[in-house]
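The listed protein sequences correspond, in order, to chains A and B. Position 219, counted from 1, in the first sequence is what my numbering calls 219; the numbers after and before it change by one each time, with no gaps. One gets my numbering by counting positions in the second sequence from 1 and adding 267 to each.
Careful: at least some of the hints might be erroneous.
As the list claims (entries may be wrong) - If you want a taste of the chain A side facing chain B, the calculated C-beta under 8 Å gives, among others:
hint	residue
1	H80
2	T126
3	Q136
4	T209
5	T235
Stated by the list, open to error - Covered stretches of chain B (in silico footprint by chain A; criterion: 3 or more residues with CB under 8 Å from a CB of chain A, positions within the stretch not fixed):
hint	stretch
6	327 to 334
7	347 to 357
8	364 to 375
9	383 to 389
10	403 to 417
11	435 to 448
12	463 to 469
These are computed hints drawn from the structure, not numbers from a lab. A quick note: this is a predicted structure, and the numbers were derived from the prediction, not measured. Using N, Cα and C, we set each Cβ at its ideal position, and we do this for glycine too.
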Amino acid sequence: MKWNSKYSYLLLVAAVSIPIIFPLKLKFASTVYVREFYNEVESAPEGSRVLINNHIGASGWETDFKPNMKVIVGHLIQRHLKIYVFCPSSTAPVLWDRDIRPMLEDAGYVYGTDWFLTGFYPGGETALGAFTDDPQGLVLSDYYQNDVSEMPLWKEVVTMDDFELAIHTVVAERGMRQLYSAHRMNVLMMADSGELSDSLTYYTAGMLTGIVCGIRGSAEYEILLNKPGEGVRNTDALSLTIALIPIMTILGNIIHFVDKFRGKQIK
Amino acid sequence: MSFLKKIEGPLAFCSITMTIILVSYFFNVPTIITEIGSTLQQWTVVIAAFATFLGVAGLAITHIKRVRRKHTSVWPFSLLTITTMAVVIIVGIIDKSSGQNYQWLFTNLYQPLGTCAIAIMAFYYLEISYRAFRARSFEAGCFTFGVIFVAFRNAPIAGYLWKGFDDIGTWIQMVLSMGPSRGIHLVIGVGMVLLLIRTLTWIDRGHLRGGG
């Protein structure tokens, strides 16, 4: 028996298209690590300083990270927390400026008083290490080329102890080494779907306090906030496309065993 | 200046730098050591920025050579690479990355291409799930079983059909795969420590001129 790949591709197109025409509106329970993330933000005292280590690239932004970032920043705004964004990725400040800044401005957040954005700092984990060791020494100007020495929000941060929460993105290990191990910060993780297994390793060890992962994570968080948005909308398409993977696996195995039973060799 | 040509100088410099960073990370040391460590890390950020320039120069040299020789069929792509790189650099310098023109390039060229590359992977995943996950042996069967449940667990529709998908998928992810995952992380950690010892003691010189 042979299966033509074209059928798989047609199924995939259908799985993405059908929920756009007929939304499934599925309800689902939130996972414990998403609830922990939510609870940490919810329990932070008003006016607390939150560090976002924004290491996000352009490719995963629209699919995974934008819905994540929007719902989490929405919650930070709701709790009136101060937001500091450090960017060891060249694309992260551009994306933040384009997609998240309007959200902050609409909510009445004032730049330099309520939120702060650094430019790109090359060096990956070392850049994060340099930042956590001496933020005032490393960051002399922001993304908009302003001198930060007179910025009230920036003056409040001397060491990592001045942050109540840290939200780390992309690769869990870097955050664990530079934020948790070095400074014992309360670290929350925002990751794409592929990073969940790694993040869970640190979560179950008690090093990460909470995780929001991929579109499903955004959808769960939106439901917790009672503000369904991009995450919930995209979950329908995600649900059907992911369901195709085990279906194709089962189909592949059925064909394999049928052929084996018939004594044919599968190529 | 002949010592600069010898390998021992850079090796000693690396060892001293590493020792300062390590000591200031792991131990409570006098402030001066911590400050030196912190300054060294800040230097890395500057060095990494220069490395970006080196990358740009290397890329430009390689592709300019290809365009000048025109001996392969790919030279038009090299020309496109150089032109795109030049346009983005010039717009970035003139307009800055927060400017409207740079944002236009980013939003309409760079980001859609990046997203497209990720989206194409969906087709590969689907093809792989059909061809690769086959229960040809007991071990492969266990692997396939895990794939089916963990994948279904991530699709909310599956939990709707049967709650067991959620429960078994979560159990595989949180319990069954956690032990090996932690083991792998520990082994990586131990490996890094060993590599560090070898580098500190100059046994491993791979980071300098291909092994010194």
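Evaluation of the provided hints:
no., hint, in the structure
1, H80, "26 Å, violated"
2, T126, "4 Å, holds"
3, Q136, "11 Å, violated"
4, T209, "16 Å, violated"
5, T235, "6 Å, holds"
6, 327 to 334, "violated (count 0)"
7, 347 to 357, "violated (count 0)"
8, 364 to 375, "holds (count 6)"
9, 383 to 389, "holds (count 4)"
10, 403 to 417, "holds (count 5)"
11, 435 to 448, "holds (count 6)"
12, 463 to 469, "violated (count 0)"
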